[in-house]
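Enquirer: Chains as they are written, first to last, in our numbering: chain F, -9 to 101; chain V, 14 to 128.
Hints may contain errors.
Reference listing, derived: stretches of chain F covered by chain V, where coverage requires no fewer than 3 residues with Cβ under 8 angstroms from a Cβ of chain V [unchecked claim]:
1) 25 to 32
2) 62 to 74
In the DSS-like style, the derived pairs of lysine-lysine whose C-alpha atoms are separated by at most 30 angstroms in a straight line are [as the list claims (entries may be wrong)]:
3) F:LYS47 <-> F:LYS1
4) F:LYS43 <-> V:LYS115
5) V:LYS115 <-> F:LYS60
6) F:LYS47 <-> V:LYS123
7) V:LYS69 <-> V:LYS123
8) F:LYS1 <-> V:LYS123
9) F:LYS47 <-> V:LYS115
10) V:LYS90 <-> V:LYS73
11) V:LYS90 <-> V:LYS65
12) V:LYS81 <-> V:LYS115
13) F:LYS1 <-> F:LYS43
14) V:LYS123 <-> V:LYS73
15) F:LYS47 <-> V:LYS65
16) V:LYS81 <-> V:LYS69
Hints listed in this document are in silico derivations from the structure and should not be mistaken for laboratory results. Glycine is no exception: its CB is placed at the ideal position from the N, C-alpha and C atoms.
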Amino acid sequence: DAGITQSPRHKVTETGTPVTLRCHQTENHRYMYWYRQDPGHGLRLIHYSYGVKDTDKGEVSDGYSVSRSKTEDFLLTLESATSSQTSVYFCAISLRNGELFFGEGSRLTVL
Amino acid sequence: GNSVTQMEGPVTLSEEAFLTINCTYTATGYPSLFWYVQYPGEGLQLLLKATKADDKGSNKGFEATYRKETTSFHLEKGSVQVSDSAVYFCALALMNSGGYQKVTFGTGTKLQVIP
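The task is simple: from the sequences and hints, build the whole structure.
Expert: So, in structure tokens, the structure goes:
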């Protein structure tokens, strides 16, 4: 079974500070994704990766950057957090036929 | 572009009632269709899927049939339980020219089942 670990699970930070969320997978899945979940919006794709050092933007990428230096790790960085980035962030990997396997989420609060 | 529309919630049902959550989609091509469920405090998990027209996905008493003619994938369960209380997301996935599976989600429907 695929395994995904997100860290931290909860974080409270102040506006203007940098924040990095980490997603770690235990198997060598090529595609990894970062989504944010907000009431009334469902899940929206921030960035995705299709291999080491290969990343691309999703529909809500402004204010976010990502890096993937190893197959198993996909990092999401908020260079200067804003209150509009308060959300629950989910990492996912692609299994087959578009099926996604999700991590447990990281709840970020920006004060 | 691709889109998924699902019924607004919350949906409140009594235990053992029949459940239908409507989902319709717009897509260029032939997507795979999914229902995901999210229990409180958890991530999304796959509930069922269908990869081509007329396929029926089923799991844990839930069913959904891929209807190409009506571009729909409605979720049904004959008798809901309190433990089915969760948020349900309809989604579609389409392979693009680069080999990437682009996944589009609906906004989710919250189901509350009362004893």
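Enquirer: Could you run down the list of hints and mark each one as holding or not?
Expert: Tested hints:
| no. | hint | in the structure |
| --- | --- | --- |
| 1 | 25 to 32 | holds (count 3) |
| 2 | 62 to 74 | violated (count 0) |
| 3 | F:LYS47 <-> F:LYS1 | 24 angstroms, holds |
| 4 | F:LYS43 <-> V:LYS115 | 19 angstroms, holds |
| 5 | V:LYS115 <-> F:LYS60 | 22 angstroms, holds |
| 6 | F:LYS47 <-> V:LYS123 | 29 angstroms, holds |
| 7 | V:LYS69 <-> V:LYS123 | 23 angstroms, holds |
| 8 | F:LYS1 <-> V:LYS123 | 26 angstroms, holds |
| 9 | F:LYS47 <-> V:LYS115 | 12 angstroms, holds |
| 10 | V:LYS90 <-> V:LYS73 | 9 angstroms, holds |
| 11 | V:LYS90 <-> V:LYS65 | 21 angstroms, holds |
| 12 | V:LYS81 <-> V:LYS115 | 19 angstroms, holds |
| 13 | F:LYS1 <-> F:LYS43 | 26 angstroms, holds |
| 14 | V:LYS123 <-> V:LYS73 | 18 angstroms, holds |
| 15 | F:LYS47 <-> V:LYS65 | 28 angstroms, holds |
| 16 | V:LYS81 <-> V:LYS69 | 12 angstroms, holds |
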